[in-house]
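From just these sequences and the hints, can you work out the full model?
Chains as they are written, first to last, in our numbering: chain E, 1 to 484; chain P, 1 to 281.
Calculated directly from the structure, the hints in this document are not laboratory data. Ideal Cβ placement from N, Cα and C applies to all residues, glycine included. Hints may contain errors.
Stated by the list, open to error - Dumping the calculated BS3-like pairs for lysine-lysine here, alpha-carbon to alpha-carbon at most 25 angstroms:
id, chain 1, residue 1, chain 2, residue 2
1, E, Lys33, P, Lys5
2, E, Lys3, P, Lys5
3, E, Lys297, E, Lys310
4, E, Lys61, E, Lys91
5, E, Lys33, P, Lys186
Stated by the list, open to error - Computed from the model, here is a short list of chain E residues facing chain P with C-beta under 10 angstroms:
id, residue
6, Ile8
7, Pro32
8, Lys91
9, Tyr276
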Amino acid sequence: MKKNMLWIAIAALLVPILARGLWFYHGFPHQPKIATPDYQNMIVSSPPLETPNPVADKDTKQLSGLALFDFAHTNQYQPSEIQSLNEAIEKRGGKAESITDTTLLENKLKYASAYIVISPSAAFTTDETRIVQSFVERGGRLIVFADATRGLISYDFNSGAAINNPDSNAANPLLSPYGITVNNDYLYNLKKHEGNFRNVFFDSFGKNELTFGLKQVALYGTHSIKSTAGLILLRGDESTLSSIDDAHDPAEGGAALSENGNVLAFGDFTFLSSPYKNVADNATLIANIADFALGSKQVISLANFPYIFKQPVVQVYPSSKVQLTAETIAAISSLQTSLRSTDTSIEIVKEAPSDGDALILGTFTTSDDLLKFTDPFNIDLDKSTETISVKNLGDIGRIGNGLLLFEKNKKGNTLTLLADTQENLVSLLNTVSSGSLSGCVLQDNIGVCSIGSGSSFSGDSGTTSESTSTAEPTKIEATPTAAG
Amino acid sequence: MNQVKLNSENIRTWLLWLVLPLVIGLIIASSIPQPVVGIIRLDDAIYPYTARDMIQQIHYAMENPEVRAVVLAFDSPGGTVVDTEDVYMELTRLHAKKPIVTAVNGMAASGAYYLSSGTDYIYAKPTSLVGNIGVIGYLPPVPSIFEEIISTGPYKLWGAPRDSDMRQIDMIKEGFFQAVKLGRGKRINPDVVFTGQIWIGTEAVHNGIADAIGTETDALNKAAQLAGVSHYKTVDMHDLASTTTQSYTAFFSQSKDGATLPYPTKAGLYMLFIPQIPGQK
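In structure tokens:
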């Protein structure tokens, strides 16, 4: 009996406890394995070590030439950011100059080796684009650096909404004639990058001198560059994606070269600046760009006047039919003043020059000493006719017209000025001294300038006239390098 | 007379052997606490003030056995890196003892998702914003010196070279990524979720950064289930933890007309979602 009561007592004690306990608690709590990030062993990445430049200092090419940096299109860079490229250019004997006034562009491109445009924000006008195209057609080199981290942001006046104006907007009209497009995006790589996903490595290269000696380069916030006919120079791996569609396009990369080999586009210029210029093979790439910029083979023609001479001294030779009158001397002095701005001086010589740069003064009257300068142009100076027959230009009236004949050879460049009279020769000299041939009709290496009344000529098709150009400065800009 | 005596003994016997133990049992049973599922709410960014508040609540939950599980209810864009990591590490200690479930109300972005990733289960509403995994930092200026400011080293004024700052940010990101990988395991595709994208709840469930569509009630039930309790009491941990008055510094900037902007007042390192404001200059 007592035993039964004891069980009842225990049951009475436990039932409420169990009832309440089981009412609330009916299992063991979930006990997951807890792991936390291994913070202590995380390390900050280091940039890849600079690899040696395969071209030692003593082997650096001495190229000379001028690299003209655009600073007239609200360019989003500071000169200090491109110091490495300037230094590489100067190391090769070249000069770097910036242009802030687009009215000077045409004149400056007459003697520049390369025109370098960095992150432009203001649009290039149709005329400027034409001038640059003409420069590239002559063999000049156009290098465009865009940058995905630059560009301007403006705000809508009414809504206040931000309007992004990426530099690709201004860069593309310059590049599109050459089949190159700067995409309004940036490349990124989440798997393999240089310190941040937007700093992309490139280790596959288009075969070209620009990529000589490169094993790996890094660009820092680069647009992707597309080229339809040209060469993609820097290609990322499959995990390099474009921000436009988060996809990899093997036809796009960080840089491209046009089919004609004269136009180069980069999606980034941060790699030119410290400390990124020394990462991986970036220094080698910068050296190659400097070689490219100064490696231009711009074809010098009369259109490049006054930058048509190569030597520091130009010999002025008045032919036997020309007298050194006071007016002639004054005109030559005026020419001297103009040429001085190109670091060229003149020297009057009594013998017809056989080498070196020369300026020959003559009239339409044939003389033996003049023949060697006119013969290469097949010009018939026969006095019996009222016109002079000039190849490609047709028959030119003797009266009121002046002829310019430009000949290039290894020994030097020669410009021959011919007019019907001594007075008109002085007028022609004065025209030339103005530093501009905008009033003349130019065809390859022959030019015809109107220097008086009554002039006329019946020209062939295909002539070009500098008078169509705009904003031709009357003053020659001071930069001394005469290209050849 | 004997009959009366017998009845009286029976009553005493029953009282002694049944009623008394029953009463004692009831008294003991009443001391069994009703389980509590605590809610820790974060309806703000994560910065020193809110982080300390959360940590106090976490400590309370750890120290009090009646709190059997915790629900984190988020409407937060994230916050500073250091405060996020601080709360995260305290949460992992709590998680080792008690289940934690996340309920995303408006948003669990960036640092708030960092905290969520270490919990047992994540509920989001269909249009809650979830994700934005990553770090934002403002690079220091290019080192320079000033006539009127004397410092004792090139980085005394600026803290670090710009390049090393960038690399530090990338390392901090790795910590975040590891936390998410540890918390979410194979449910996520790192290539997708580590892009920094923010998703609405429905998509978040599809890509594995959340577990199910649900509300705070679902989260409470799930937390109770994981804790093995039922008929639980829900308590806002802020009330229990009796958080002390702390100095408060505004985290977000304010516009000239007094509106709160989504940008922090100070430059620094953040795990923060900063949405674009339409028309904001």
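Evaluation of the provided hints:
{"no.": "1", "hint": "E:Lys33 / P:Lys5", "in the structure": "violated, 65 angstroms"}
{"no.": "2", "hint": "E:Lys3 / P:Lys5", "in the structure": "holds, 23 angstroms"}
{"no.": "3", "hint": "E:Lys297 / E:Lys310", "in the structure": "holds, 14 angstroms"}
{"no.": "4", "hint": "E:Lys61 / E:Lys91", "in the structure": "holds, 9 angstroms"}
{"no.": "5", "hint": "E:Lys33 / P:Lys186", "in the structure": "holds, 15 angstroms"}
{"no.": "6", "hint": "Ile8", "in the structure": "holds, 5 angstroms"}
{"no.": "7", "hint": "Pro32", "in the structure": "holds, 6 angstroms"}
{"no.": "8", "hint": "Lys91", "in the structure": "violated, 25 angstroms"}
{"no.": "9", "hint": "Tyr276", "in the structure": "holds, 8 angstroms"}
Checked against the numbered hints above, the structure violates hints 1 and 8; every other hint is satisfied.
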